[in-house]
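Engineer: With these hints in hand, go ahead and build the complete structure from the sequences.
One line per chain: the protein sequences are V and U, in this order. The opening position of the first sequence corresponds to residue 1 in our numbering, with each subsequent residue numbered one higher. The opening position of the second sequence corresponds to residue 1001 in our numbering, with each subsequent residue numbered one higher.
Hints in this document: simulated from the structure, not taken from any laboratory. Be aware that a few hints might be false.
[Unchecked claim] DSS-like cross-link-like pairs, simulated, lysine-lysine; straight-line CA separation at most 27 Å:
{"#": "1", "chain 1": "U", "residue 1": "Lys1107", "chain 2": "V", "residue 2": "Lys114"}
{"#": "2", "chain 1": "U", "residue 1": "Lys1087", "chain 2": "V", "residue 2": "Lys60"}
{"#": "3", "chain 1": "U", "residue 1": "Lys1003", "chain 2": "U", "residue 2": "Lys1042"}
{"#": "4", "chain 1": "V", "residue 1": "Lys40", "chain 2": "V", "residue 2": "Lys127"}
{"#": "5", "chain 1": "V", "residue 1": "Lys128", "chain 2": "V", "residue 2": "Lys40"}
{"#": "6", "chain 1": "U", "residue 1": "Lys1054", "chain 2": "U", "residue 2": "Lys1024"}
{"#": "7", "chain 1": "V", "residue 1": "Lys57", "chain 2": "U", "residue 2": "Lys1065"}
{"#": "8", "chain 1": "U", "residue 1": "Lys1054", "chain 2": "V", "residue 2": "Lys21"}
{"#": "9", "chain 1": "V", "residue 1": "Lys188", "chain 2": "U", "residue 2": "Lys1065"}
{"#": "10", "chain 1": "V", "residue 1": "Lys21", "chain 2": "U", "residue 2": "Lys1003"}
{"#": "11", "chain 1": "V", "residue 1": "Lys188", "chain 2": "U", "residue 2": "Lys1037"}
{"#": "12", "chain 1": "U", "residue 1": "Lys1003", "chain 2": "V", "residue 2": "Lys114"}
{"#": "13", "chain 1": "U", "residue 1": "Lys1142", "chain 2": "U", "residue 2": "Lys1081"}
{"#": "14", "chain 1": "V", "residue 1": "Lys21", "chain 2": "U", "residue 2": "Lys1065"}
{"#": "15", "chain 1": "U", "residue 1": "Lys1107", "chain 2": "V", "residue 2": "Lys21"}
{"#": "16", "chain 1": "V", "residue 1": "Lys57", "chain 2": "U", "residue 2": "Lys1087"}
[Unchecked claim] Derived coverage of chain V by chain U (criterion: at least 3 residues anywhere in the stretch with Cβ under 8 Å from a Cβ of chain U; other residues may be distant):
{"#": "17", "region": "21-35"}
{"#": "18", "region": "100-109"}
Note that the Cβ used here is the ideal one computed from N, Cα and C, for glycine as well.
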Amino acid sequence: MIAIIDYNLGNIGSVQNIITKVGYESIITNNIDDILRADKLILPGVGSFDNGIINLKSLKLIEPLTKKVLIEKTPILGICLGMQLFCKNSGEGQLPGLNFIDAEVINFNCAPLKIPHMGWNTINIIKKSKLYNHLEINSRFYFVHSYYLNCNDTSDILTTTTYGYDFVSSIERENIFGCQFHPEKSHKYGVQLIKNFIELI
Amino acid sequence: MIKRRIIPCLLINDNILVKTVQFKNPKYVGDPIMAVKIFNDKEVDELIVIDISKNDNINFDLLTKLANQSFMPLTYGGHIKTMEDAKKILNIGFEKICINSVVLENKNIISDFAKAFGSQSVVICINIKKDIFGKHCVYDTKTKKITNLDPCDYAASIEKLGAGEILLQSVDKDGLMKGFDIELITKISKTVSIPIIALGGAGNITDLELALQSGASAAAAGSLFVFYGPHKAVLINYNNNS
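Structural biologist: Right under this line is the structure:
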């Protein structure tokens, strides 16, 4: 079962819709037992970094999530803020992150371009991954964010995207996957990415 | 590089899809669920749905049906008054909420929404109508009258409160398909640094390009994407490559 973690931040409905479209069942949950039983986890999220951590903490999800991801190595896909929460910390807040990957979240410095980076953009594939199976180079994805990942271990970087300069738009480290863009809002490209995550990872 | 967004804007009036001219005479265009399905199949950049029904309710049932078949960014506007309304809409699968008249009553709602959902989810619609002297004024759809608010000052105050985007709509140009109010777009986009979505008047692709060249971050249109040919036959159309 795929568990979509509901921590009261963001677009949970559309993530479930796209999984249904791909042909699989999923549950939206913040129940610890559900999460511990899941074969795959998705951590979506739209909002601010500290709010994300505070909500995960008050739902007592940090410990079970850490166990699932770092010890049991259950595949997890973080979307947008969900991926940012995997990091050590963020320029957007004061609280420490989940610390699943060696990265920090930093804000865009791309004047005169407008922030947030909002709209459709392409990706440059840095590392070959099953996540991008059948996703040719001119795939486009929908972005809306003001912060992005600064990976200390560059081997975690899956793709970059250009907005003023190149920034990390998706990552992979063992069972940990994350994308800055919103696959659930990226038409057939997003459908393919979610299908890859479910079927190939 | 980032692609400039071209956004169909759909009006809903009591469960049916309509198109107005200068905010009047809503003309039947079709079934909203079918229309959204077609726009989704055509892989539009984004979609804005505005409910202009006279009643005061949010049609959550319809919104759920629209969101369930959409794998693209969705904005909803119409009758949103409270945090609860906004939260429900975002949970259904829309990622942006668009507010307008409620802001004219209480501007602080912008910062409340921005704090709760993030600025990127908060779109403020500003309707502009020219007064008898040809001066741009903020228009109130509720009273159907122009207000004494200056568009630039108003836009700046909205940005300060945490709005993520401005949907800048010209009442005078609505439905005419004779081009955007370029002067207005230029003026407002110089005043604020948040993205402007231009709406009102697009009749062809060149109009959309002009709006983007004038400072808009995105160009939206209603008639252009639902009507076809000189007699305005209803035909949903959108070419993603142009």
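Engineer: Of all the hints numbered above, which does this structure not satisfy? Sort the numbers upward.
Structural biologist: 7, 8, 15, 17, 18
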